[in-house]
Amino acid sequence: MALLDVENLKVYYFTREGAVKAADDVSFSVDKDETLGLIGESGCGKTTAVFALLRFVTPPGRIVGGKIVFEGNDIITMSDEEMRHLRGKGISMVFQGAQSALNPVMTIGRQITEGILEHEDVSKEEAWERARKQLELVGIGSDRIKNYPHEFSGGMKQRAMIAIATACNPRLLILDEPVTGLDVIVQRQLLTLINNLRAELRLPIIFITHDLSVIAETCDKVVVMYAGKIVEQASAVSLYENPVHPYSQGLIRSYPSAKGKRKELKSIPGAPPRLVNPPRGCRFHPRCPYAMDICGEEEPAFREKDGHLVACHLIK
Amino acid sequence: MPELPGRLEKLKDFLQLLFTNKMAVAGVSIFAVFSIMAIFAPFLHTVDPKATGEVGSILLSPSWQFWLGTDDLGRDIWSQIVYGTRVSFTIGFVAAGITVSFGTLTGMIAGFYGGRLEEVIMRIVDFFMMLPALPLMIVLAAILGPSIWNIVFVVSIVSWPTTARVIRSQVLSVKERAFVEASRCIGASDSLLMVGEILPNVIPLMFAEAVLMVTEAIYAESVLAFLGLGDPTTVSWGMMLHFVFESGVMARVPNWVMPPVASICALILAFTFLGTAISDVLKPGYREIKGL
Amino acid sequence: MALKGFASFAIKKVIAASITVLAIIVANFAIFRLAPGDPIRMMFRDPRVSAEQMALMREKFGLDEPLWGQFVCYIRQLARGDLGISFWQKRPVLDVIAERIPQTLLLMLVALSLAVIIGIILGAIAGWRSGTKIDSTILTISLTMYSIPTFCLGIILLLIFAFTFSIFPLGGITTPASGLTGFAYWRDVSWHLFLPAGSIVIWYVGEYILLTRSSMVDVLGQDYIVTARAKGLKESTILRRHALRNALLPVTTITGINLAFVAAGVIEAETVFSWPGIGRLWYDAVMKRDYPVLQGLFLMFAIMLVVANFSIDMLYGYIDPRIKVGESA
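These protein sequence lines map, in sequence, to chains U, E and F. Terminal number for the first sequence in the numbering used here: 316, no gaps in between. Terminal number for the second sequence in the numbering used here: 292, no gaps in between. Terminal number for the third sequence in the numbering used here: 329, no gaps in between.
Treat the hints as calculated values from the structure; they're not laboratory data. Careful: at least some of the hints might be erroneous.
Simulated restraints on C-beta separations [as the list claims (entries may be wrong)]:
id	chain 1	residue 1	chain 2	residue 2	range
1	F	A55	E	H45	51 to 59 Å
2	U	H150	F	P176	22 to 30 Å
3	E	L105	F	I160	44 to 52 Å
4	E	I203	U	E41	33 to 41 Å
5	E	E119	F	Y318	23 to 31 Å
6	E	V47	F	T252	49 to 57 Å
7	F	A16	U	H150	19 to 27 Å
8	U	Q96	F	I117	33 to 41 Å
9	U	G181	F	I117	38 to 46 Å
10	E	H45	F	L170	29 to 37 Å
11	F	I117	U	V184	47 to 55 Å
12	F	G172	E	R252	17 to 25 Å
Straight-line C-alpha distance at most 30 Å; calculated DSS-like pairs for lysine-lysine [what the hints assert, rightly or not]:
id	chain 1	residue 1	chain 2	residue 2
13	F	K234	U	K133
14	U	K305	U	K124
15	U	K146	F	K12
16	F	K234	U	K146
17	F	K234	U	K124
18	F	K13	U	K133
19	U	K89	U	K133
20	F	K133	U	K32
21	E	K283	E	K50
22	U	K146	F	K13
23	F	K234	U	K67
24	U	K89	F	K234
25	F	K288	U	K146
26	F	K288	E	K50
27	F	K234	U	K10
28	U	K124	F	K324
29	F	K133	E	K22
30	E	K283	F	K133
Just so it is clear, the structure is predicted and the values come from calculations on it, not from any experiment. Every residue, glycine too, gets a C-beta built ideally from N, C-alpha and C.
Full structure from sequences and hints, please.
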């Protein structure tokens with residue numbers, strides 16, 4: 001049984017203009033010891049889907065359908081109290097833009113021990129000892145445990161967030177754009193840290209990003225999302241070498257490579273659709289170079305090709 | 001420079017949006033009632049508010065002749081209320097006008113030119129803001145002597161720093177915006193920039209400030225008058241309260257006490273509601289939040 | 001390391017405060033001396049005072065000297081603690097003011113503590129529940145309470161609770177000539193304290209609710225609140241430890257700025273209720289045209305405000321770690 005099984009998740013935002021179908025019929029799973037990459041443009045629904053995992057969808061948004069089964073329990077039907085216990089201890093999340101994600105008036109140590117003391121029955125000394133170990137784990141010296149967030153650099157704040165998120169030994173870690181916005185050197189350090197954590201802690205991770213190169217480094221499996229829908233699922237290596245869905249192909253081709261032949265960068269023409277009234281049929285068809293008539297009428301089902309799961313009419 | 005019809009459209013939109021706000025409607029209604037009183041004062045069953053009566057007509061209860069009765073010098077209370085509206089409006093609008101004009105001018109100069117000029121101006125502003133308002137007003141009014149225009153002056157002196165600060169912040173944020181840079185690039189002169197680009201963005205704020213300044217002015221006049229610093233040649237609501245307070249019969253004459261109290265509170269509330277509604281409506285995203 | 005950031009912050013504030021105090025002293029002098037009209041004539045409106053006596057007064061007060069000389073004289077007097085002589089009471093202004101301070105302190109401490117506590121709690125609730133019925137009700141009520149001038153409020157309370165329903169006394173600090181002592185005395189005082197403190201509290205609570213609420217709304221939109229939730233903390237913990245602690249920072253800053261309005265409230269409330277404090281002294285001095293007392297009062301109020309603001313700045317520097325510890329990375 002997979003650790004996490006998301007089945008037909010639908011999250012809609014109900015605005016005056018209509019229902020924004022932010023995540024529409026999304027299904028994927030994560031096994032123990034596996035790192036899943038979730039990739040797509042801004043607004044494609046990846047963050048929404050993941051917020052649903054922690055039941056962070058607030059009005060006007062609502063989970064309108066599907067199941068999220070974590071360790072055998074459906075998250076959607078859990079009570080608030082059970083969900084609260086799950087957060088931080090079962091599933092933990094590191095958010096985008098850690099710059100303002102830390103409480104400015106609490107020491108970093110306190111912010112770590114706070115989670116530990118909430119979920120586990122340990123003494124304060126133990127909690128602080130563990131907090132020190134967490135800081136060492138992420139590469140911030142434990143001597144900085146009494147420092148305040150404003151005393152840290154951007155990269156260090158991000159590490160601090162990881163320290164907080166892993167403090168209670170969660171069974172699943174979600175990283176939402178953890179290296180976006182940081183300079184390349186810091187990015188490298190952080191990615192190395194994340195890979196070390198994967199190895200050391202054997203932690204299953206859901207890694208969200210729009211940066212393909214990062215996915216290649218850290219993920220086992222990749223899910224590509226577009227306009228609220230999943231368009232392709234494959235292993236990371238396979239996706240790189242052989243993207244099947246036209247959108248994935250566009251993505252891969254639009255990334256410059258430092259090695260290999262110089263080739264022309266192709267961007268995908270057009271813009272993502274507004275999700276209040278998405279295009280009929282396949283949501284990508286207005287921008288797809290291979291669009292056929294059926295693409296504008298019927299939504300494609302998932303079909304298998306070369307070991308990838310793809311939602312495209314091109315595949316027989 | 002943008003075309004005028006565009007501006008008028010925006011104004012119309014803004015006003016339409018404003019009047020969906022309950023507070024704005026309440027405020028404007030109360031204001032309308034008092035405006036009628038002020039404009040049509042002589043026709044509203046009033047007599048000269050300063051006309052004292054003979055001994056037999058002091059401290060009368062409300063009657064058909066004197067709708068709210070008379071005070072301890074035989075003056076008709078209803079007339080005092082009605083004509084007092086004129087005093088409140090005069091002081092309110094004139095003081096607000098001066099405060100906002102001067103405050104905006106200083107705020108804009110400080111924000112726009114920056115540097116030493118801004119520092120000097122803001123130090124002066126800070127100093128004025130440090131001084132306690134009511135004590136300063138009392139001291140100035142006591143020295144300058146009681147007169148409407150002195151009161152207007154005193155109120156303006158005390159209130160302009162806040163406006164200057166608020167306008168300056170707005171100017172600073174508008175200055176950063178790209179279109180100012182763009183205009184500068186095509187060689188617009190300083191004054192053209194100020195009037196053409198910055199001023200239009202500052203006007204809505206000026207308006208909100210003006211409304212709130214009116215409340216300050218009405219409050220200031222009524223407090224000063226209550227404390228005995230009102231203009232003896234006029235009758236204002238604050239002065240009515242001063243007289244009744246000094247008369248020693250305050251306990252027995254609710255018809256004398258409550259009307260000025262109610263009028264002061266009502267007019268201040270009206271403008272407070274209106275001012276709050278205006279600044280709420282001006283905030284970006286107001287339409288979306290209200291689901292319009 | 002921790003102290004350095006705070007020390008430099010404190011020193012800057014001390015310097016700023018001192019400069020302000022000096023400016024106030026100069027302003028105080030300027031306002032009263034440069035006012036139109038002869039000060040001596042203003043002081044002694046009594047026509048029975050002869051020309052020689054006025055000349056004598058002028059000399060005594062140093063008014064026959066040039067302005068600069070007068071200013072030096074004034075500074076010297078201040079340094080000695082001499083605020084002049086009250087025209088009306090014929091004794092040192094300092095005494096006139098000093099004997100009234102305790103009553104005002106009592107009134108202010110009671111009123112402010114109540115207002116701050118109630119205001120913060122209600123404001124936090126309104127901010128937390130922003131957008132709901134509770135919030136808009138609290139908002140409208142606070143806006144109303146905050147807008148009504150304190151003296152109007154005082155008069156209304158007086159009419160209702162002292163005149164119509166004789167629950168509370170009409171004014172003063174104690175029942176005259178009652179000869180009460182000990183506990184009974186303090187109970188009598190509290191009874192008299194109720195309405196004047198109530199007028200100030202009602203207005204001040206309104207302000208605090210509005211302040212705390214808007215600060216709370218800002219804070220609740222911050223990312224670290226989401227982080228706290230993702231940790232699985234209890235909602236009450238998040239509110240208390242994360243939201244409120246941050247929301248109170250701007251509230252503290254603005255408290256300082258708004259102290260001037262508390263001064264106004266105290267003047268108005270004490271006047272309406274004949275509470276024998278320095279607020280009421282303003283009214284008495286105005287009615288008697290006692291300019292030395294007014295000048296002394298203004299100086300005192302202005303300087304007290306600077307000191308109070310300074311204390312609040314220090315408090316803020318202590319509770320905001322970004323100042324206490326200073327920037328570093």
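Hint check results:
| no. | hint | in the structure |
| --- | --- | --- |
| 1 | F/A55 / E/H45: 51 to 59 Å | holds (57 Å) |
| 2 | U/H150 / F/P176: 22 to 30 Å | violated (59 Å) |
| 3 | E/L105 / F/I160: 44 to 52 Å | holds (45 Å) |
| 4 | E/I203 / U/E41: 33 to 41 Å | holds (40 Å) |
| 5 | E/E119 / F/Y318: 23 to 31 Å | holds (28 Å) |
| 6 | E/V47 / F/T252: 49 to 57 Å | holds (54 Å) |
| 7 | F/A16 / U/H150: 19 to 27 Å | holds (24 Å) |
| 8 | U/Q96 / F/I117: 33 to 41 Å | holds (38 Å) |
| 9 | U/G181 / F/I117: 38 to 46 Å | holds (42 Å) |
| 10 | E/H45 / F/L170: 29 to 37 Å | holds (34 Å) |
| 11 | F/I117 / U/V184: 47 to 55 Å | holds (52 Å) |
| 12 | F/G172 / E/R252: 17 to 25 Å | holds (19 Å) |
| 13 | F/K234 / U/K133 | holds (25 Å) |
| 14 | U/K305 / U/K124 | violated (54 Å) |
| 15 | U/K146 / F/K12 | holds (26 Å) |
| 16 | F/K234 / U/K146 | holds (24 Å) |
| 17 | F/K234 / U/K124 | holds (18 Å) |
| 18 | F/K13 / U/K133 | violated (40 Å) |
| 19 | U/K89 / U/K133 | holds (17 Å) |
| 20 | F/K133 / U/K32 | violated (46 Å) |
| 21 | E/K283 / E/K50 | violated (46 Å) |
| 22 | U/K146 / F/K13 | holds (27 Å) |
| 23 | F/K234 / U/K67 | holds (25 Å) |
| 24 | U/K89 / F/K234 | holds (13 Å) |
| 25 | F/K288 / U/K146 | violated (61 Å) |
| 26 | F/K288 / E/K50 | holds (24 Å) |
| 27 | F/K234 / U/K10 | holds (27 Å) |
| 28 | U/K124 / F/K324 | holds (25 Å) |
| 29 | F/K133 / E/K22 | holds (14 Å) |
| 30 | E/K283 / F/K133 | holds (21 Å) |
The structure shown violates the earlier hints numbered 2, 14, 18, 20, 21 and 25.
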